[in-house]
Amino acid sequence: MAERRPNPWRRFLARPNTDPVKSVGIAALVAATCGLAVSVTAVVLRPIQQENRLAARAGQMTAMLEGVPGIAELLPRGGVETFVVDLAEGRISDTDPVDFDQDAAAADPARSTALPPAADLAAIGRRENESLVWMVREGDRPVLVILPVRGAGYQSTIRAYLALEGDLNTVAAFTVYDQAETPGLGSRVADPAFGAGWVGKRIADDSGIAIDITPGAQGPYEVEAISGASVTGYGAIDMVHFWMGPEGFGPFLENLREGTAWR
Amino acid sequence: MALRQLSDPLIDKNPVAVHILGICSALAVTTSMSTALTMSVALTVVVTLSAGIISAIRAHIPGQIRIIVQLTIIASLVIVADQLLQAFAWEMSQRLTVFVSLIATNCIVLGRTEAYAMHNPPVPSMIDAFGNGLGYSLVLMVVAAIRELLGAGTLFGAQVLIPQAEGGWFVPLRLMLLAPSAFIILGLMVWALHAARPRLAEAREFALRESEKEARP
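Chains as they are written, first to last, in UniProt numbering: chain A, 1 to 263; chain B, 1 to 217.
Simulated from the structure, these hints should not be mistaken for laboratory data.
For every residue, glycine included, the Cβ atom is placed at its ideal position computed from N, Cα and C.
Mixed in with the good hints, there may be bad ones.
Covered stretches of chain A (in silico footprint by chain B; criterion: 3 or more residues with CB under 8 angstroms from a CB of chain B, positions within the stretch not fixed) [to be verified]:
{"#": "1", "region": "32-41"}
{"#": "2", "region": "44-56"}
{"#": "3", "region": "104-110"}
The shape of chain A in the complex, shown without the other chains (with noise of 0.2 angstroms):
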């Protein structure tokens, strides 16, 4: 008579290590352990890490609308708007801002387009069709107009918020809120330093887009570069060649001095 044999947990716990079904029967339950905490973890903490990324964002935001002079005291009522633009039609779009993803648009080949080398100044590869712009208002006339502008750098991606007074041309702040640049020299890009080298800038001339970088910049087209960091500053130039162009926000721009950005 055979005795009761002993339930299958068990049987699968005496058998011994050396054994090719305990192998992958152990790693299968680690591996399925392990993935069930992590993305446990993931899940629930994903609408608090998603609060902190928004105020840290929140806080840059502001902390450049301040230094904005005339800003300040706009923004109590009314305050700053966050609209989503098509970019090829250069018109508010109807996508809801709330939940729009721009990095993720980015990423999707069928919600961005891919630039042609010749036009890809940013050099950034695929532009989102949709961008998210964020306005203060006085009556309809945009008193302030912050576009997100990204481009390449020296080694890494540089994000920065570019604000342009009402007149749609003048530099009003130019804030680098992400970058990987070379520590202490392309770094230096985030620095308010930098970005108060470009406060009252003009973007364009009668001609076209005509702001440079160089060192002891002149004039009202000239911001002055960093010493040491020449292809850095060059980066962040041309992505707002790239951005204020046809490719980036140019429509929009011409659209809201016609008034015609709503549709």
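On the provided structure of chain A, position chain B as indicated by the hints.
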């Protein structure tokens, strides 16, 4: 016994200064004491928990796949720790960037689980791992204290030495905030430790070959 397990890794068997393990992160996060402290806590928690878990299932980890099983457990704990930091200490996680995730590749963690937790019951394993975490933390905190004090004149962000720019006498040593200074400080620490405890000096594994005298014509 348990006390020795805790105190040994602090000085005599310090994982960083004696075994020269985990110095990559030790160099990277020691520019300020607050990042060093966060990193220390994260590593200590991860190494203690992974030692406990691995020790608890050690009898059933097949020898051929033990390293990958250990790594899976360690990596999962590291991801959980990283996610927690991102949720509840956002600014700190931004300053630590990739180094919390790199705890998974930290030799101290895998070293303790492979060398100790695989062969010992959970409680001693966790004490041993905790001791090693403390040893790592001690080195990090000392290096960070020196770098932050001399580099920025602050400790935990509080101004201790007033820099010249603000009317004090102290001239911040910018070198201290760059990676080479961590190498220098760590090197001096290792040297001081070996000088104080001569028995830590290892015997040469092989002698250098005497260079033969060149025949001159």
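Going through the hints against the structure:
no. : hint    : result
1   : 32-41   : holds (count 5)
2   : 44-56   : holds (count 7)
3   : 104-110 : violated (count 0)
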